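I would like the entire structure built from these sequences, with the hints used as guidance.
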Amino acid sequence: MGLLGEQADAIARGERSSVEVVTAAIEAAEKLQPELNAFTQLYPEEALAAARDADRAPDPSQPLRGVPVAVKDLYDVATKVTSGCSEVYRNAPPATTDAPAVRALRRAGAVLIGKTNMHEFAFGATNTVSCYGPANNPWDVGRIPGGSSGGSGAAVGARIVGMALGTDTGGSIRMPAAFCGATGLKTTWGLLPVAGVMPMAPGLDSVGPIATDAIDATITFDVLAGGPDPGRSATAIDRLRVGVARGQWFDVVDDEIGAGLDRLSGWFGARGAHLIDVPLLWIEAAHDAWLMIALAEFAREHRAIAGHEAELDPSTAIIFAAGVALPAEDERRAREQVVEARAAFRETMRDVDILIAPATPFPAPRHSDETIAVAGVDLPVHIGGPSRFTRPISVLPAAVLTAPIGFSREGLPLGAQLIGRALSERMLLDAGIAYQSDTDWYTRLPPLHA
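Sequential numbering from 3 applies to the sequence shown in this note's numbering.
Hint data in this document are derived by calculation from the structure and do not stem from the laboratory. This one's a predicted model, so the numbers in the text were calculated from it and none came from an experiment. Be careful, since some hints might not be right.
What the hints assert, rightly or not - Derived Cβ-Cβ restraints for the label pairs, each shown as a range:
(1) D240 with R109: 33 to 39 Å
(2) G229 with P382: 41 to 47 Å
(3) E32 with E286: 41 to 47 Å
(4) R54 with G309: 44 to 50 Å
(5) A306 with S19: 43 to 49 Å
(6) H451 with G260: 25 to 31 Å
(7) A272 with G309: 56 to 62 Å
(8) D442 with R241: 24 to 30 Å
(9) R337 with H451: 42 to 48 Å
(10) D231 with A345: 25 to 31 Å
Glycine included, C-beta positions come from ideal geometry on N, C-alpha and C.
Structure below.
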């Protein structure tokens, strides 16, 4: 069990008060903020008031009573500004209501301590672009935490909180989880409400948690989804058919991540799962189609920023201009490619329950890195390199769990994607819990931690 569950249990048993736990989280957030820059807003007074309420009126029906959490700065929180980490909205009017996901956390008793940093408008894999400044990785502050939910990844990786909400459009939960040594859940598109969440590309956006482990991710998913499934039995690992993604696209991966994937597939095999090599010949087309669709939807959704380009980071302004100028024929062709990719994915998943793939092609890059050489290929750090393996999955009817699978020679976390069919979240979480019960990657603490 990770930090979220441990705190919930300790408060429920009366071993610790919510005030004690929340105070520690706020103090850790404030102490580490100069180095991590994980937060855009902190709410110490409101959080401590909520903690006192939780201690005064304990409600055993609340699974997260008194437990501190955080949310990405594109979730509406009543009376707070939703900035999207852009100067365009930094001083926007505050939200009048909580987003449904935030409301669900509060109903479960969670105490919101603040909002987390992110890549501007969620269109980026590094979190180097933010009106609040870049977020940093707790394993090495000279490196990126991933994006776009980088502040959430950093806050959880540093154990400031046991869970922070992110969003995932092209890997924005999966990459920060992988780079920061956390566990992330990209939920099936459309399963959880995105109302009250600043969109990036509405046809691709999904909400979900970055958590310390798969148990904490399960607790959060049950809260967001309206409760656990009481009639469901845990997934039997020895009955799973596990596919290992193969093909030239997947050959471009850091050798240490490749070794971690071999360990993961070996674990499944040792537990009795049936392993299958799966060539995904359509993956590059899906990757390219994602970009066309994301550009088009981003430009349409944020057309109000036209005329405010000077307030955008130059890289975001280029993205917006590219989306505005994108020919309709390019978007139409991309959507046709997605239809073909989805059909191929469904065919693949007839024979496979879980598909294993890298979460990223390399460990967390330095902020100063422009490219990373992997298997003889120079991958760009700021333009699609980190999301090589996450973008194409985002156009599919799929749920994905990202979990730690080891560390690099430099002591940086490595992550894998466990990809399932649409609505397979609980099966993936079961697999993650079983894997983490036999490994300790997720328990290791970074140099910067609470």
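So, going through the hints one by one against the coordinates:
no.	hint	verdict
1	D240 with R109: 33 to 39 Å	37 Å, holds
2	G229 with P382: 41 to 47 Å	43 Å, holds
3	E32 with E286: 41 to 47 Å	45 Å, holds
4	R54 with G309: 44 to 50 Å	46 Å, holds
5	A306 with S19: 43 to 49 Å	45 Å, holds
6	H451 with G260: 25 to 31 Å	28 Å, holds
7	A272 with G309: 56 to 62 Å	59 Å, holds
8	D442 with R241: 24 to 30 Å	26 Å, holds
9	R337 with H451: 42 to 48 Å	44 Å, holds
10	D231 with A345: 25 to 31 Å	29 Å, holds
Consistency with the previously given hints is maintained throughout, with no hint failing.
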